[in-house]
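Number of protein chains: 2
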Amino acid sequence: MKFEAITIKDIARALDLSVSTVSKALRGSHEISDETKRLVLAYAREHNYKPNPIAQSLKKGLSKSIGVIVCNIDNNFFSQVINGIESVARQKDYNVIITQSQESYEREVANSEHLSSRSVDGLIISLSAETKNVDHLIRLHQKGLPIVFFDRITDEIPTHKVIANNFKGAYEATRHLIQQGFRHIAHITSSSSLSITLERFEGYKKALEDAGLKPDPRYTKLCQHGGMIPEETRQALTELLQLNPQPDAIFTASDRLSTTTLSLLRKMQISVPDQIGLVGFTNSISADIFHPALTSVVQPALEMGTLSTELLIQLIESKRPVTEFKKIILETDLKIRDSSLRINQ
Amino acid sequence: MKFEAITIKDIARALDLSVSTVSKALRGSHEISDETKRLVLAYAREHNYKPNPIAQSLKKGLSKSIGVIVCNIDNNFFSQVINGIESVARQKDYNVIITQSQESYEREVANSEHLSSRSVDGLIISLSAETKNVDHLIRLHQKGLPIVFFDRITDEIPTHKVIANNFKGAYEATRHLIQQGFRHIAHITSSSSLSITLERFEGYKKALEDAGLKPDPRYTKLCQHGGMIPEETRQALTELLQLNPQPDAIFTASDRLSTTTLSLLRKMQISVPDQIGLVGFTNSISADIFHPALTSVVQPALEMGTLSTELLIQLIESKRPVTEFKKIILETDLKIRDSSLRINQ
DNA sequence: TTGTAGGCGTTATCAA
DNA sequence: TTGATAACGCCTACAA
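Heads up: the sequence lines are chains W and L, in that order. Per the numbering used here, residue -3 is the first one in the first sequence, and the count goes up by one each step. Per the numbering used here, residue -3 is the first one in the second sequence, and the count goes up by one each step.
Honestly, the hints are just simulated from the structure, not real lab data. Just so you know, these numbers come straight off a predicted model, no measurement behind them. Certain hints may be false.
One copy or two, either will do: identical chains are not told apart, so a pair holds if it fits within one copy or between any two.
Derived pair list, reagent style PhoX-like, types lysine-lysine, alpha-carbon separation capped at 20 Å [what the hints assert, rightly or not]:
#	residue 1	residue 2
1	K46	K139
2	K33	K20
3	K201	K217
4	K46	K5
5	K5	K55
6	K210	K164
All chains, please: the whole structure from these sequences, using the hints.
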């Protein structure tokens, strides 16, 4: 009943050769006669021989697989990044092992521990909203595990990083709202410990200042769980709507926050943008399809995935230690669309 | 510079014991003295010993990983299913290796070959739109690789399957359009070789018939690539709009087709539902957030993932061959909402 | 040109 | 209670 695959040993026995001869023949070594090679290759093909990757891994100390930690796959941005990761990885013959932190620090630590201990050759990670301390990753990095960060990065580890131009995106999104005539613009964003939170907040603030508007700290609400807990977002929105003067527009900092906010507004029977303006920051290409009622700032998520993977594989396969690390900032591609959501239920 | 992990051998040398003693002590064998166990475990913990999973795999012939083949991760339905798969797998200590067929038969074959050959203990798959022949999977199944199908299944392989109640979902979606007063309801669907295509078409047809409407074959358009090629969908929509009488509503059979159609209608400046009715079939929970202009039929995608994974792990870990296979049909949870998309650009 | 032997890290069997 | 040995499948000095 077990899945019996053919091995080098089987070929050797069948052809009355030694395993090393077969091994060499299979890899086309020049120290094997053409005749023997022909025989071995023919037999291998005929019996559909495939080297056992696990044995190869054990031998070479490389698993030909890369680990990925994201907070949640079921999120347009991350699934697009993973799409990019998978495409490049497959092309270079690496397996992709996916794990989710669900925005939990503990799960992030557990997943990183699990993925290391020799089972992956490298790690691609975007930090969880809860993560304030990256010692677990520093440890792995010091042990020599190649790591590439994307989107939610840390400055504490010297390695490659790929991010979007969060400042510029947030600046342009906010400026767009201002140009639409909104004056009291609120900001719903993620955990204060995330790199993206600060960068986007700075863009938001600068746009207000450049327009002569005074950023009011009461108008910025943090969601420590990055919107994973809807109640948190509901609370933030409710508090904003009770302020005086009431905000006339909202700049939401992520896909999850945007969609949750949109959904809450719908339940509250508040039309966008007739009653309140809404712009969402997004890194997701298809966002313009999925968010027909949002104005969005679009970033190439797919490219983040492909780039990160190329950099990681480069790290893995470089014989000599890499000393210079890149921090790649993908440029904002502002895409404004003003469809609106009419509420009629 | 290499990642040097501590091994059993290191512990044995340090404690002046044999590797087999250490191995047994680590697994708490009762044939080892308490004193020795204490020593070994203390040393192991102190030096953060982790067994090398690759060596264990080689030894046991099990990799503790499951392969997944979907057409595209960057698709709400599949990313939600994978979310479910990953959750259950992690809980049971399995790695999840993701691959995408991109709706290509060739890539599906290549991925399945790659994932088998001992690198995964089981396979969870949803067929590509191009796949007409499943010999590649029959081969793996016969070799003893446990397989579970979800959503896009085949009847040719006797194993567990998890699907949605496609007939009922399509029936209700179509009936809803009829109740809204639409009479010329078109249907844009996927490849004719997919199981879901037929099932959803039957539901659509039955709803029309039950309402005394005559299904017109010209009103059903197939997209052989499941909407992966936008041009295909554009063509289908264009042809539909040229028919006489022109359809007054469309029932789209999948997320990708729904969003593409919505996007095309927007470009054509055709409002939904003022100028044309639109209902999309979806298995995706968050669809009601993402498709504010669509009426949707909601299915528990997450549950498809968790269920499939539980069934697969059951197959993998069952000592005796499983003889009875389940075909689980998850029930439709119809969720109607009639927000509308006003076009103003 | 081919074969022998040892090892990658772990586990299982059998002997001490 | 512990240890020596072989084995999982593959690779590679080194010998023949």
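Cross-check of the supplied hints:
For the homomeric pair K46 and K139, the shortest alpha-carbon distance between copies (14 Å) is at most 20 Å, but the shortest distance inside one copy (32 Å) is not. Proximity of K33 and K20 under a CA criterion of 20 Å is satisfied intra-copy only: 9 Å inside one chain copy versus 43 Å between copies. In this assembly of identical chains, the alpha carbons of K201 and K217 lie at most 20 Å apart only when taken from the same copy (13 Å versus 50 Å across copies). Taking identical chains as interchangeable, the C-alpha atoms of K46 and K5 lie at most 20 Å apart only when both belong to the same chain, with a minimum of 12 Å there against 30 Å between chains.
In this assembly of identical chains, K5 and K55 lie within 20 Å of each other by CA distance both inside one copy and across copies; the values are 16 Å within and 16 Å between. In this homomeric assembly, K210 and K164 come within 20 Å of each other (Cα to Cα) only inside a single copy, at 19 Å, whereas the closest approach across copies is 55 Å.
Of the numbered hints listed earlier, not one is contradicted by the structure.
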